[in-house]
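Residue numbers (the working numbering), protein chains in the order written: chain A, 128 to 786; chain B, 25 to 659.
Hints in this document: simulated from the structure, not taken from any laboratory. Keep in mind that this is a model prediction, so the values were computed, not measured. Each hint can be trusted.
Here are the simulated SDA-like pairs of lysine to any residue, each with C-alpha atoms no more than 25 angstroms apart in a straight line:
| hint | chain 1 | residue 1 | chain 2 | residue 2 |
| --- | --- | --- | --- | --- |
| 1 | B | K107 | A | G224 |
| 2 | A | K254 | B | Y137 |
| 3 | A | K207 | A | D369 |
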Amino acid sequence: MKKIILLSLILFTSIVSFAQDFAYGQIDRADLDMMKYDKDTSAHAVVLKEYGTSRIALTNDYNIRLTFEHHTKIKFFDSKEFEQQGTFEIPIYSSDGMVYEDVEDIKGTTYYKDDNGNLQQAELDPKKVFRVRDSKHWSTLKFSMPALRRGCVIEVSYKLISPFFHNLHTWYFQDRIPKVSSEYEVHIPGVFSFNTSLRGYLKITKNTSNLEGKCFTFGSGSADCSDIVWGMSDIPAFKSEDYMTAEKNYISAIYFELEEYTDITNGAKTKYTKDWKDIDYYLKSERWFGGQLKRNSLMKDRIAPVIVNKTDPLEKAQAIYAYIQNSIKWNEIDDFSSDDGIRQALIDHKGNAGDINLALVTALNAGGIQTEAVLLSTRRHGNINKLYPNIGDFNYVIARATIGDKTYLVDATDPLLPFGTLPMRCLNDQGRVFSLDKPSYWIDLNTKQRENITYALDLTLRDDGKMKGTITRYSSGYSGYLRRIEIKKFNSVNEYVENIAEKMRKTRIVKSEIVNIDSLDKPVGETYEVEMNIYDNLNHDRLSFSPFLLNQVTVNPFKLAERDFPVDWGMPSDERYIVNIHLPQQYVLDNPPQPMAVSMPNKGGSFFTAFDGDNQNFSFSYDTRFNKSVYGPEEYPYLKELYNKIILAQKNEFVFKKK
Amino acid sequence: MIKRGLLLVAGLLFCTISKAQSNYAAERIPQSLLPYASAVVRNDETTVDVKDSDNVIYHVKRMITVLNKNGDEKATPDVYYDKITSIRYIKGQIYNQYGKPVKKISGSDFDDYAVSDGFSLLRDDRVKHYRKAMTEYPYTIEYEYEIKAKQSMFFHNWEPQQEPGIAVEKGTYTFICEPGFKIRHKAINLSDAVNTATTKDGLKTYSWHVSNLKAIRHEAFSPNELDLTTTVMIAPEKFAYESFSGSFSNWQQLGKWMNDNLVTNREELPEQTIQFIKQLTENITDPKLKAKKIYEYMQQKTHYVSIQVGIGGWQPFLASDVDKDGYGDCKALVNYTKALLKAGGIESYYCVVYGNPYEKLSLMNDFASIQGNHIILCLPFKNDTTWLECTSQKIPFGFLGDFTDDRTVLAFTPEGGKLMHTPKYTADDNLEKRKASFVLNDEGLLSGSMETIFSGTAYNYRGEIIDDAPTERIKEIKKYYPINNMEVKKLEYKQDKSQQPNTIEDIELIAKEYGAVNDGKIYFSLNSIDRARPLRQAINRINPVCIQRGYTEKDDITYTLPKGYRLESELIKKHIDKPFGSFVMTMSIDDNKLVYHRTLQLRDGNYSKDVYQDLVDFFQSVVDADEYNVVLAKK
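The following block holds chain B by itself, in its conformation from the complex:
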């Protein structure tokens, strides 16, 4: 009996679908959306329905046409859930290129996995991943699911264009709540304003609409992806999260709430540790030196382990646990360091930041909500604000490196949340400075030494190998320098671990057949040490140019030439000056010495997309100069 009823319903469903089938045909996609797209979102209808502060229903319905194999993974749904987010249903249907339904999707077509990010020891969120396949393109998949979140502290951002290679025909995001449930919202890269209305049940609705978004693609020197795609963000005023509840309308309040509820009262240390810290620092009066001592103690005592569980995703482990176990994630280690500093009488702020070496992503000045993915510590010394990265055993005191530099962070101060900005390392700071002196003999053998000083974010350019044993380092260093047949006679590192740290590399090397001897001539590369790589051209550049971080390379190389030879090739000079950078190269002959100078600087900043061609030409000139071949002839 029941079976028959089900069949009837299925039959009805089928009728409605087949009536609408023409919409599913791939040929209805506007031509303008095809370039660089492997999948096109035909329609995205996402609705967030706040039934109550601990009952939020997300309803997602998406129809996506997959144009080729590259689009398969972009179109199949991944539905995430955890302890307080449950999946109510998932279903769907696949259509062939003519819009004819060919396959149904049900819950059992999904595989269930623990979410693994490759570095967490433990996470408790899970994902359902769709696994069936189509072998003919294009095809269209339409799926629909509902998830229930038992929290209203944060709402998932709406990002209709989730990654490069996806175009969007149209999409609508609707947020439904009681009129009393106040929200703030922010739309990025969306020209249409929000529409608000009231349903006949008296509920308030907010909606946003997008149409005809072209696919973006990866392009070198691009702005942050967030600045290129459409996002709608919503933040509640009053919220609930598990046993917590609260309200905020700005960063000050959000910071205060998080600090009071998630961080404070987790700082308690065993008396023994407090005494130890006091002893450790009793002869130091300067608070900064004191802090340094404590920080270095923390570094040698702990190591980083990622554990993201439940509210633990927000809340640090107890400082006393870290004291005992010696490990923790970024939250735990910052909280622990903060507790140790407190024992030493030094105030510090727990700070939320986006850590990412490739994109300097700031917390949004004008929109307070749950943001960030990492925690660092701020020491608010007067006129000398100092920042600490607490997850590394090696990073110098007060140095952030490229993971969290130059961006807006949220500091938990006693007065509440406060936006602060981390230090910027300028193009001049990020310096790789090299001095080399070589002898070339008449068999083409090169020998000599070079010293390189890495500072600013370049400090860590040898981070991968510096702690390896000498024999391992010698093996690896050959991959850093394109000198053929390089044999390393000596390789030493020195590190200055001050707040403006540097790494000094000292190498002695020989390279047989560095110069090619042929017919009384010797050919050799002027620069096999520090070569720029050509920047790819962009025939249809879309994004504006953004140089996230500037740097400087300075090389001084002297070659002592073999006796009885003279320089046959020209002495060249190059000087290029552009708004985004400069390049200076000179060659000179001094007795039997060939002296070569090279300075390359790239300056951070935002430029229009037309500048990209200049940048390509600039790098090409540098590459040409770097590849210069010297010819010596017998006198």
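The shape of chain A in the complex, shown without the other chains:
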């Protein structure tokens, strides 16, 4: 299942193509008359035509500028997409007052039939294009198209002129509404060389290229330009599914990465990305990455008191890890390089993922633990393109410590994470290991971590109809981490227990005990002594009782008949549940259940129940396991069916019969 395809840029054909943008300001009456989009009758709007151009050229005053032109025509069938598709936001970057992006030639026209059925058009008023300064470097141009009404067609075009010529715009062929056609033309002087990749499931239906001689002249030097067009037609709307990873992995789009630039005046080549060796070298020498990894002495003094008297390397590593966890607070920003240096992060007690985990790598090395940095892309950021080295695919860094013959992947951004457990955001495909002295290499981000919960209930039915006993929950592995997050949402353990008590139905918590909240490597154990008002009294011949007191599944989380994208839970999970029941003398269990077992093919998952004991003192248990992190669309029906069986099994109730 190849999701990312490498496209070749150097594919000149002799066919002369007339790739060019469609003319602005022409409206086809048939488009206005169209009542629905035949290829997708559920669409509220459709892009009729879309053309993008990116062109690198010299300005009159000999500056290299990248001009991105966007031209689109959208048909609205009803009002539902007015706000989404009828409003435009163009982000603009400026690095400082001198180097900035600019938008020119904004044009907008709305074509509609007036109340008498005559064709009318309304132009976008330039005064109603607003510019908002969002932050130091970013602004947004915003405008809303005039005179939108059911059935109208809008046409918009603008130019974004940028000095950041290495950032060739990604082109999204696919959107939340369908498109009839979408084309992207890239016009690049031969002095630039870009890597190009295509993501998504859809295929390019048009690809032409042309060579234009001597289009780029600077002094005595000149270069030819290549002009390439990619096109798709009949592009379906993108629809996301539950439990899916980043949409970016699946939306059809074309991405560019500058590989090399040749200075036209002297022929000097600047390599941007070539192979991993270059990236390794770049990272090593980069001040905010390699530069931070070399700050051994900065860390040595700081960790000395932390590891004093510790001889066991694992204990040492854990102590250093805890020190970094508690010294720098994560500002929720993903990055693989340091923002202001790890020294500053330690002073401010705040930093991005790069600050924290580069500090961790450096500190562990300073403490004699052999540690490397692992670059990765978070789940939200999407999968890594492995076709060619591209540093832009990464947005996060973690540490990989080797202790004896074991390696540990660690992330210090959250003080509640145990050593060797990664947060969900990091569990995405593979990571690239970097160190100052070895070539980089790929590793699986497989930490063998699981979600693991065990419930144990011990309940006695009393003569007054109440059930008394204990409910215990052990949360280990990743579940322990999640439980700690839950507990820390409250100001105190008491307030946490109060919240649990308030959510339990007909149940009073008499006493509670929670252990290992702060021992991150041990399971969190919660024990609640409870009194449940199950029955008003025991004056009944038959009492029904559902043993699925906690976490009963009543509705299947999977509702789609089939899926296009995998279900990605990040890690396997395991839930065990055991309940011991003690009945009073006058009652016996009427219907001891038959044990059952259901499994998915290839040990993908299972559900089984067991029963043990006599008809007055007995135990019932069940166990739900999902052994894989990711289930492909072909496994989806089994996953859905397993849930069905769980729901069905949980419908059965015990009947207690009076003797």
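Using the hints, position chain B against chain A.
Relative to the frame of chain A, chain B by itself:
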């Protein structure tokens, strides 16, 4: 030279701070303020100094102890500013738990952002947000800032307890002005009266004081947050705002001023549009039908876009612009509708309201000031006052729904401002009425159809999906009904868009394995259609009970049982009657048909906090009844 001078000053400052340090220690917080608090405001000193009607200085000094991570965001200052509000300075200091100063805060520690509310296309106000962090708790932050507002039309409310989870040890609010600058004031949930005095410079001061306010928390069925926390509001008599000035002491005057200065003269329409409206309505004589026609024309011609800029935050776009562009915010669309109606010869009032579906917040009867966050339109037909929400392309004529129902609003009438009340939808009005007929076969397969009528505020319960394509709706509707394996054979909607609108949902469905077949028995849920959710218990309930909006659910479900089976479980009946609601459930067997009725009603109103436990028990009984499992046995 200059540097040395600065150092000296800093040194002096340090001395004063360290002398007072013990006050900053976290252990000095009274124990009684700790429950449910993640931060405690140790002291809040807010001063508003009216130098002139276009020069108002806010001086805010706050000291807050953060007890744990949850309190971080509550303690860090966010300072808002815009074109006519400037920040003069911000500074501060952080102390560790023992009250020892550890870090200084200066202007450069703040990030600057455009205020984004997630729906506005454009707003021009900005915020400075403090970004440095502490890793050890508790810590105390003290900050001080001054902002200058070039307007005196409204003053920020003083709310020492800004959100749930914050306790307040003490706080003082002081308002300083020339004796000639008259104000009105109102304090909510404050036992101490205002103190007035005159300074030695002859200025008048008003001050309010609070102490030991316990943290509030989110509790279900609570009154409006405004009714639970302390607020001091101040309104001027004479004021200035940019190029405007004016005076008011009651709603009539304020409404008149706003209407005359901000709204009137923005109604002009192109002649062509006026003629079009005349034509459109020429054959209609009934003014209400005329208004409906015009309203529906406006709906199909416009859509909502939020733009809040400068005085534009108060002033609607010109009606002629909306006519041309076809979009606007609530002010613009109301103003435009008003202009269209006027062209049709129909009078209407521009009305200010608080729009919020969860809290019915009224403008204050007894205190006129700038209030509200939304605009609607009122048609003052005799004995038939009609209200219009102008920002939706779909809402029926004359229907407000839960966003602006049952609350006091300010109408701009030709005589000036007038408080009016929007219609209330009662517990009986807000009805979800369902009739279903199912067949269960001996394999547990359920099939059949059901029809549901949603009326009152329930009208919009399917608003999220109703305009989707049929295939999308079928996908989504499964999330509304907890019927496992539900497959939808047919799903249709009909809407009656009258002033008492309703939505009718018609479904045909099948669900395999709805009943679990086991050992000659079939188990199935009596009600998988309309299930109540348990209400969480409250061990230390603080707030009184307030049910903001009542509703009624009526379900009639018939199950045709498989041949050869008899009912093994009991036929149960339930009837609960409480002041706040009622529940009736019956089951009966008629030949091979199991007939189930369910009526749940919750009635709006205010009740004491002790009623909360009754409410929990009530919902628990409903949930128990809803979860009833039927057992069939082979004959």
